[in-house]
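Asker: Residue strings, one per chain:
Protein chains: 2
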Amino acid sequence: MRRAADIEISLTPRPDGIPLQRWLYDEIRTAILSGRLTPGSRLPATRDLALRLKISRGTVLAVYAQLGAEGYIQGATGKGSFVAPELPDLPPRPVATGSGVAEPIGRNAIGTKYDAPAVVLSTRGKKLSMTPFSVPGRTLPAKAFRTNQPDVTAFPFDLWTRIASSRSRRLRPKFLTDGDARGYKPLREAIAGYLRSSRGITCSAEQVVLVGSVQQILDISARLLLDPGDQVWIEDPGYPGAHLIFAAAGAKIVDIPVDSNGIDVEVARNQAPNARLAYVTAGRQSPLGSVLALDRRLALLTWAHRHNAIVIEDDYDSEYRFEGAPLAAMKSLDEAGRVIYCGTFSKLLFPSLRISYAVLPDQLIAPFTTALSLTFRHVALIAQTTLHEFIAEGHFGRHVRRMRLLYAERAQALRKAADAHLAGLLEIPEITMGLDTPAFLPSDSDDKDVAHLAAQAGIESLPLSAYARTHPVQPGLLLGFAAVSPTEIESGVRTLARVLDKK
Amino acid sequence: MRRAADIEISLTPRPDGIPLQRWLYDEIRTAILSGRLTPGSRLPATRDLALRLKISRGTVLAVYAQLGAEGYIQGATGKGSFVAPELPDLPPRPVATGSGVAEPIGRNAIGTKYDAPAVVLSTRGKKLSMTPFSVPGRTLPAKAFRTNQPDVTAFPFDLWTRIASSRSRRLRPKFLTDGDARGYKPLREAIAGYLRSSRGITCSAEQVVLVGSVQQILDISARLLLDPGDQVWIEDPGYPGAHLIFAAAGAKIVDIPVDSNGIDVEVARNQAPNARLAYVTAGRQSPLGSVLALDRRLALLTWAHRHNAIVIEDDYDSEYRFEGAPLAAMKSLDEAGRVIYCGTFSKLLFPSLRISYAVLPDQLIAPFTTALSLTFRHVALIAQTTLHEFIAEGHFGRHVRRMRLLYAERAQALRKAADAHLAGLLEIPEITMGLDTPAFLPSDSDDKDVAHLAAQAGIESLPLSAYARTHPVQPGLLLGFAAVSPTEIESGVRTLARVLDKK
Numbered sequence: 010m011r012r013a014a015d016i017e018i019s020l021t022p023r024p025d026g027i028p029l030q031r032w033l034y035d036e037i038r039t040a041i042l043s044g045r046l047t048p049g050s051r052l053p054a055t056r057d058l059a060l061r062l063k064i065s066r067g068t069v070l071a072v073y074a075q076l077g078a079e080g081y082i083q084g085a086t087g088k089g090s091f092v093a094p095e096l097p098d099l100p101p102r103p104v105a106t107g108s109g110v111a112e113p114i115g116r117n118a119i120g121t122k123y124d125a126p127a128v129v130l131s132t133r134g135k136k137l138s139m140t141p142f143s144v145p146g147r148t149l150p151a152k153a154f155r156t157n158q159p160d161v162t163a164f165p166f167d168l169w170t171r172i173a174s175s176r177s178r179r180l181r182p183k184f185l186t187d188g189d190a191r192g193y194k195p196l197r198e199a200i201a202g203y204l205r206s207s208r209g210i211t212c213s214a215e216q217v218v219l220v221g222s223v224q225q226i227l228d229i230s231a232r233l234l235l236d237p238g239d240q241v242w243i244e245d246p247g248y249p250g251a252h253l254i255f256a257a258a259g260a261k262i263v264d265i266p267v268d269s270n271g272i273d274v275e276v277a278r279n280q281a282p283n284a285r286l287a288y289v290t291a292g293r294q295s296p297l298g299s300v301l302a303l304d305r306r307l308a309l310l311t312w313a314h315r316h317n318a319i320v321i322e323d324d325y326d327s328e329y330r331f332e333g334a335p336l337a338a339m340k341s342l343d344e345a346g347r348v349i350y351c352g353t354f355s356k357l358l359f360p361s362l363r364i365s366y367a368v369l370p371d372q373l374i375a376p377f378t379t380a381l382s383l384t385f386r387h388v389a390l391i392a393q394t395t396l397h398e399f400i401a402e403g404h405f406g407r408h409v410r411r412m413r414l415l416y417a418e419r420a421q422a423l424r425k426a427a428d429a430h431l432a433g434l435l436e437i438p439e440i441t442m443g444l445d446t447p448a449f450l451p452s453d454s455d456d457k458d459v460a461h462l463a464a465q466a467g468i469e470s471l472p473l474s475a476y477a478r479t480h481p482v483q484p485g486l487l488l489g490f491a492a493v494s495p496t497e498i499e500s501g502v503r504t505l506a507r508v509l510d511k512k
Numbered sequence: 010m011r012r013a014a015d016i017e018i019s020l021t022p023r024p025d026g027i028p029l030q031r032w033l034y035d036e037i038r039t040a041i042l043s044g045r046l047t048p049g050s051r052l053p054a055t056r057d058l059a060l061r062l063k064i065s066r067g068t069v070l071a072v073y074a075q076l077g078a079e080g081y082i083q084g085a086t087g088k089g090s091f092v093a094p095e096l097p098d099l100p101p102r103p104v105a106t107g108s109g110v111a112e113p114i115g116r117n118a119i120g121t122k123y124d125a126p127a128v129v130l131s132t133r134g135k136k137l138s139m140t141p142f143s144v145p146g147r148t149l150p151a152k153a154f155r156t157n158q159p160d161v162t163a164f165p166f167d168l169w170t171r172i173a174s175s176r177s178r179r180l181r182p183k184f185l186t187d188g189d190a191r192g193y194k195p196l197r198e199a200i201a202g203y204l205r206s207s208r209g210i211t212c213s214a215e216q217v218v219l220v221g222s223v224q225q226i227l228d229i230s231a232r233l234l235l236d237p238g239d240q241v242w243i244e245d246p247g248y249p250g251a252h253l254i255f256a257a258a259g260a261k262i263v264d265i266p267v268d269s270n271g272i273d274v275e276v277a278r279n280q281a282p283n284a285r286l287a288y289v290t291a292g293r294q295s296p297l298g299s300v301l302a303l304d305r306r307l308a309l310l311t312w313a314h315r316h317n318a319i320v321i322e323d324d325y326d327s328e329y330r331f332e333g334a335p336l337a338a339m340k341s342l343d344e345a346g347r348v349i350y351c352g353t354f355s356k357l358l359f360p361s362l363r364i365s366y367a368v369l370p371d372q373l374i375a376p377f378t379t380a381l382s383l384t385f386r387h388v389a390l391i392a393q394t395t396l397h398e399f400i401a402e403g404h405f406g407r408h409v410r411r412m413r414l415l416y417a418e419r420a421q422a423l424r425k426a427a428d429a430h431l432a433g434l435l436e437i438p439e440i441t442m443g444l445d446t447p448a449f450l451p452s453d454s455d456d457k458d459v460a461h462l463a464a465q466a467g468i469e470s471l472p473l474s475a476y477a478r479t480h481p482v483q484p485g486l487l488l489g490f491a492a493v494s495p496t497e498i499e500s501g502v503r504t505l506a507r508v509l510d511k512k
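Those protein sequences? They're chains A and B, same order as listed. In the working numbering, each residue carries its 1-based index in the first sequence increased by 9. In the working numbering, each residue carries its 1-based index in the second sequence increased by 9.
Please note that the accuracy of each hint is not assured.
Repeated chains share a single entry, so a pair holds when one copy, or any two copies, can fit it.
As the list claims (entries may be wrong) - Cut-off 27 Å, straight-line C-alpha distance, at most; resulting in silico cross-link-like pairs (DSS-like, lysine-lysine):
1. Lys-194 x Lys-135
2. Lys-457 x Lys-511
3. Lys-152 x Lys-183
4. Lys-152 x Lys-194
5. Lys-183 x Lys-194
6. Lys-261 x Lys-136
7. Lys-135 x Lys-457
8. Lys-261 x Lys-135
9. Lys-512 x Lys-457
10. Lys-136 x Lys-457
11. Lys-512 x Lys-152
12. Lys-63 x Lys-88
13. Lys-512 x Lys-425
14. Lys-425 x Lys-457
By construction, these hints were calculated from the structure, which means they are not laboratory data.
Make the full structure from the sequences, and use the hints.
Answerer: This is the structure:
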């Protein structure tokens, strides 16, 4: 047998920041896995290796013990340690890649690269891995006319932080353990109270369930209520985040046209009376901005009741109505328990908070909550306690009122600038609520083209055609006015006018 | 035409806390919806109603304007306001319920109740709405022998709060807007660094994706990788949170037996070689505690590579190894990019934080991230920044080391008490790591029965048979030792001995 000291364990220098023991462990393990230390070969005696490396013997012993526990080496007192003689088939060895076409993706522990076969997504997985949201998030400052975004620079974050700290100081350990899957009870009560007074919705705290996003409500509801092939009504044009979720759930999407009174329920009833689900932005249709008319609201509820279907009402920004109180939500008419109402604090406070809520029909409370618990657990508890206090102390109501004035002012600024500079180029209807508005181009325009040219001139916008599926939509742009100042709105409109004039 | 003032709008007294305008709006709307105000009938003039109610005319005007905007009433200047003449079919009217059997579930806005037909869940929805977790959460103080839980009373929450506040004071608005769907980059880098030094995993920050829970990783992975009917290997006995997710995804669950070396990969390969996915708790099998042996780890990786399958490694608590460094994760051997590694801060810090992470094969980064973005958006950003600072300042490493000592002491206390009181009644194997341990009963015992009797005596435990599916498991209890003091462990063991003695 070769003397242990002869065995070549080539040791690469220890990188900064890697502890001695970790480094030695990695080196020996790599030597075994790469085949440089062959099965059955004897390792240096711990004393010898320690001397050679000028490290303590204890470190070497600890490394050998760990390698032993993991099955890489075996040893007996007084007989030394050996590489395990029956190491099984090693994982596939590196394959040299010469083509340069298929960039190798795997990088193995030994530092060489080799080809990995492509990971195969499931059929539904391919549909699931599409998102309408920016993966890296959104940068600030927001440019004119960023859509779908509140002005986070106006959020009283110092106040929020003060509440969070003072609240945290009073938290006992019970707030650190697993929370209620439905959400923090006092927060649910505060939300129920807010909905009663501001959205016309009479609901109990039991019906309110906290989630991380409206997307999560749609995702869970789609799976709870739809089997593959089941029909769902969506608005066309409509919010892409909804139809992508329903498509990923294998639903058969039924595109329903939208007019100035919202989704055309009559068409929907004729086209797909047996749909299981309808998704509507009743308060302010996304992207066209129309309010779902009362007769259609009632017709929708009647249909849902008769066909035992469910309506999802995504009430994403209709709190911001600039004259008079906000219109009551459709949920306020839901006597038969057919509406899942979706609300979010992303637009009312700030998006990165990631707290939204569903108001559920009584019969869906239990299944929705258990599904949420299984697939997610619950919303982080400490942020919920902060939000509760923010609402309970009246800051929430004050902030929403303040923002409503701010956004009204900005809507006004957009109106004024558009009247001055966009006449004949881009028609902006009356802006009565929300964070953004559609703006219509002449009917022979290509709005994707216009949005592209605008982007080159530094203007953010979304083409309305990006929201359309099977029904034609008048070409236009969705313009957000909430996240930018009146001055930026004015100069943004001038830029947009120049872009449109040149075309 | 009747004079407007003759019209009966019966007004119920205004409840405390409901603003005047809201109350009046609700009253009139209810009168219309209930049919007390019939379509086409004229409403009182605003001036008359204001006088009668002794409120300002402005309030009445605002209410009429809102009802007009919602389509309940119509009006023309100088001609007064009328209930809309063509109110559509009202929603289904209340149905008197006399049977008392089917408790009516809907409660309508008018205050009467009526029957709502049952909401119909989808076939998969029925499977999705089962959870192994407690929906109301878990109360404190934890009793002996609560499983699967760290000692949250030992968490330095004051320090955490201090970091959160000081960090928040430095946050600029950019942290309030939509964050990166993958998670906060500095946190991903800190996690990658931690995994390198503590778990033997060489990965880039790009491979780390933050999520709300390990359940969420399983839920997204199952749908990304499995179509209904696809096979998945799970450990039997094994973690119920995993098989429920896979079952809800329509997977065909293949139960693989577990022995003292972990999941039996040989059996699995013979039984279902074409499975798409394998779920393993390689670091410490849940619930039996065995470490997946090296040869099986390598065999599992080889199978995954050859069959283009994916292995999910749920590394839920193996950081807590009481002697020597933690064993390297199986992911550290994953040269071919076949392993999704799941880590969580729930057990290392505190459960209500709800921050976990996946380490993904390169090829799964994009689809996983987009699916997360679509179905959830991202983890709340501010908590991520706090966690990042907690790790970067060294508090995380210190806390884990401190807890490791604490839990080692408690494992020791359990060992000692068991040796003294449980001999012949309950056999506890050597405890080398984790937050809980299996404890075996004589083979003719009914462990559910024992757990029930123990619960009656105030002792928490889980029967091992609750983790079993198709393979027999030796009867026993899962006992947690991490969340309770040595004194409580000692007295808990005495109580347990009494319960077992009596049987």
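Asker: Using 27 Å as the alpha-carbon threshold, which applies to Lys-261 and Lys-136: within, between, both, or neither?
Answerer: Both ways: Lys-261 and Lys-136 sit 13 Å apart in one copy and 21 Å across, limit 27 Å.
Asker: Reference check for the pair Lys-63 and Lys-88, CA-CA at most 27 Å: within, between, both, or neither?
Answerer: Cα proximity of Lys-63 and Lys-88: one copy only (23 Å, versus 101 Å across).
Asker: When no copy is specified for Lys-194 and Lys-135, does a C-alpha distance of 27 Å or less occur within a copy, between copies, both, or neither?
Answerer: So Lys-194 and Lys-135 pass the 27 Å test across copies only (26 Å; inside, 38 Å).
Asker: Give the relationship of Lys-512 and Lys-152 under a CA distance limit of 27 Å: within one copy only, between copies only, both, or neither.
Answerer: within (22 Å within a copy, 73 Å between copies)
Asker: Regarding Lys-136 and Lys-457, is the shortest C-alpha distance of 27 Å or less found within a copy, between copies, in both, or in neither?
Answerer: Answer is within: at 24 Å inside a copy they meet the 27 Å cutoff, but 43 Å across does not.
Asker: At most 27 Å between C-alpha atoms: does Lys-152 with Lys-183 qualify within a copy, between copies, both, or neither?
Answerer: For Lys-152 and Lys-183, only the inter-copy Cα distance (13 Å) is at most 27 Å; the intra-copy one is 43 Å.
Asker: When no copy is named, should Lys-457 and Lys-511 be tagged within, between, both, or neither for a Cα gap of at most 27 Å?
Answerer: The answer is within: 16 Å in one copy meets 27 Å, while 78 Å across copies does not.
Asker: At most 27 Å between CA atoms: does that hold for Lys-512 and Lys-457 within a copy, between copies, both, or neither?
Answerer: Answer is within: at 13 Å inside a copy they meet the 27 Å cutoff, but 76 Å across does not.
Asker: Under a CA distance limit of 27 Å, which applies to Lys-152 and Lys-194: within one copy, between copies, both, or neither?
Answerer: between (38 Å within a copy, 24 Å between copies)
Asker: Reference check for the pair Lys-183 and Lys-194, CA-CA at most 27 Å: within, between, both, or neither?
Answerer: For Lys-183 and Lys-194, the Cα distance is within 27 Å only inside one copy (14 Å; across copies 30 Å).
Asker: Could you figure out if Lys-425 and Lys-457 sit no more than 27 Å apart (CA to CA) within one copy, between two copies, both or neither?
Answerer: within (25 Å within a copy, 73 Å between copies)
Asker: With identical chains, the pair Lys-135 and Lys-457 could be close in the same copy or across copies; at 27 Å between alpha carbons, which is it: within, between, both, or neither?
Answerer: within (25 Å within a copy, 43 Å between copies)
Hint check: no violations occur; every hint is consistent with the structure.
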